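Per UniProt numbering, the very first residue in the sequence shown carries number 1; after that it's consecutive.
No lab work stands behind these hints, which were simulated from the structure alone.
The structure presented is a predicted model; accordingly, all values stated were derived computationally and were not measured.
Be aware that one or more of the hints could be misleading.
[What the hints assert, rightly or not] Capping the alpha-carbon separation at 27 angstroms, the derived lysine-lysine pairs in DSS-like fashion look like this:
id, residue 1, residue 2
1, Lys59, Lys34
2, Lys142, Lys33
3, Lys160, Lys55
4, Lys34, Lys160
5, Lys49, Lys18
6, Lys69, Lys160
7, Lys59, Lys69
8, Lys69, Lys34
9, Lys160, Lys33
10, Lys52, Lys34
11, Lys49, Lys160
12, Lys49, Lys69
13, Lys59, Lys33
14, Lys52, Lys18
[As the list claims (entries may be wrong)] Restraint ranges, calculated between C-beta atoms of paired labels, are given here:
id, residue 1, residue 2, range
15, Ile136, Pro170, 16 to 24 angstroms
16, Asp30, Leu127, 36 to 44 angstroms
17, Met169, Lys49, 17 to 25 angstroms
18, Ala39, Cys116, 29 to 37 angstroms
19, Lys49, Pro157, 18 to 26 angstroms
20, Cys116, Asp16, 30 to 38 angstroms
21, Cys116, Ser172, 17 to 25 angstroms
22, Glu140, Lys69, 27 to 35 angstroms
23, Met169, Gly21, 17 to 25 angstroms
24, Ala66, Gly141, 23 to 31 angstroms
Glycine included, every Cβ here is placed at the ideal spot set by N, Cα and C.
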Amino acid sequence: MTSYHGSCFCGQVEWDVKLEGKNHVLCHCDTCKKLGGGAYSLNQIVPMKDLKITKGQVKDFTYHGASGKPVHCYHCGSKESPLPDRWRRGITDMANAPLHSWISCYKVQNPLRPNCTSHVYHHQEVLGDQIVVRTILLDEGKSFEPTAEIFGKYRLPWVKESAQTFDIMPPS
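Starting from the given sequences, assemble the full structure and let the hints guide the process.
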């Protein structure tokens with residue numbers, strides 16, 4: 001096992017994770033596309049104990065996966081609301097202000113922002129003590145090779161197959 005270092009886009013969250021090898025599993029499910037804003041996500045499944053957040057904190061949100069069980073997504077973010085007080089209270093005095101005014105107000109009232117919401121990892125309860133780590137966010141992630149593709153039946157038609165592909169998941 002080798003330890004790899006990762007960080008989010010804004011640098012407020014960093015972590016170390018132990019991996020068996022330098023590889024990605026590409027996931028073509030629609031949830032990963034929406035969470036990551038791309039054609040697929042790059043991942044590796046590891047024991048929960050092999051991930052250590054070394055800087056900052058992650059925020060989570062939960063949805064129910066295809067199994068019907070909860071999936072907890074962990075991303076860069078603080079536990080407080082990211083919106084300034086006046087926005088949370090529903091005051092709309094800036095509704096017609098130019099975009100740069102919104103951004104300036106946001107930065108002044110939230111000097112530690114932005115939290116970029118990079119998706120660090122998720123825990124599917126159906127996987128027990130295993131988590132799914134986003135491998136492209138690791139410092140060496142660009143040098144990893146794809147070794148498998150899951151949810152291949154949802155691959156966008158213009159994305160070429162790059163590894164052994166499973167319609168949903170590999171057989172257990």
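Hints and how they fare:
{"no.": "1", "hint": "Lys59 to Lys34", "in the structure": "18 angstroms, holds"}
{"no.": "2", "hint": "Lys142 to Lys33", "in the structure": "19 angstroms, holds"}
{"no.": "3", "hint": "Lys160 to Lys55", "in the structure": "36 angstroms, violated"}
{"no.": "4", "hint": "Lys34 to Lys160", "in the structure": "20 angstroms, holds"}
{"no.": "5", "hint": "Lys49 to Lys18", "in the structure": "9 angstroms, holds"}
{"no.": "6", "hint": "Lys69 to Lys160", "in the structure": "31 angstroms, violated"}
{"no.": "7", "hint": "Lys59 to Lys69", "in the structure": "19 angstroms, holds"}
{"no.": "8", "hint": "Lys69 to Lys34", "in the structure": "19 angstroms, holds"}
{"no.": "9", "hint": "Lys160 to Lys33", "in the structure": "16 angstroms, holds"}
{"no.": "10", "hint": "Lys52 to Lys34", "in the structure": "26 angstroms, holds"}
{"no.": "11", "hint": "Lys49 to Lys160", "in the structure": "34 angstroms, violated"}
{"no.": "12", "hint": "Lys49 to Lys69", "in the structure": "21 angstroms, holds"}
{"no.": "13", "hint": "Lys59 to Lys33", "in the structure": "20 angstroms, holds"}
{"no.": "14", "hint": "Lys52 to Lys18", "in the structure": "9 angstroms, holds"}
{"no.": "15", "hint": "Ile136 to Pro170: 16 to 24 angstroms", "in the structure": "21 angstroms, holds"}
{"no.": "16", "hint": "Asp30 to Leu127: 36 to 44 angstroms", "in the structure": "19 angstroms, violated"}
{"no.": "17", "hint": "Met169 to Lys49: 17 to 25 angstroms", "in the structure": "23 angstroms, holds"}
{"no.": "18", "hint": "Ala39 to Cys116: 29 to 37 angstroms", "in the structure": "20 angstroms, violated"}
{"no.": "19", "hint": "Lys49 to Pro157: 18 to 26 angstroms", "in the structure": "39 angstroms, violated"}
{"no.": "20", "hint": "Cys116 to Asp16: 30 to 38 angstroms", "in the structure": "19 angstroms, violated"}
{"no.": "21", "hint": "Cys116 to Ser172: 17 to 25 angstroms", "in the structure": "35 angstroms, violated"}
{"no.": "22", "hint": "Glu140 to Lys69: 27 to 35 angstroms", "in the structure": "32 angstroms, holds"}
{"no.": "23", "hint": "Met169 to Gly21: 17 to 25 angstroms", "in the structure": "19 angstroms, holds"}
{"no.": "24", "hint": "Ala66 to Gly141: 23 to 31 angstroms", "in the structure": "26 angstroms, holds"}
The structure shown violates the earlier hints numbered 3, 6, 11, 16, 18, 19, 20 and 21.
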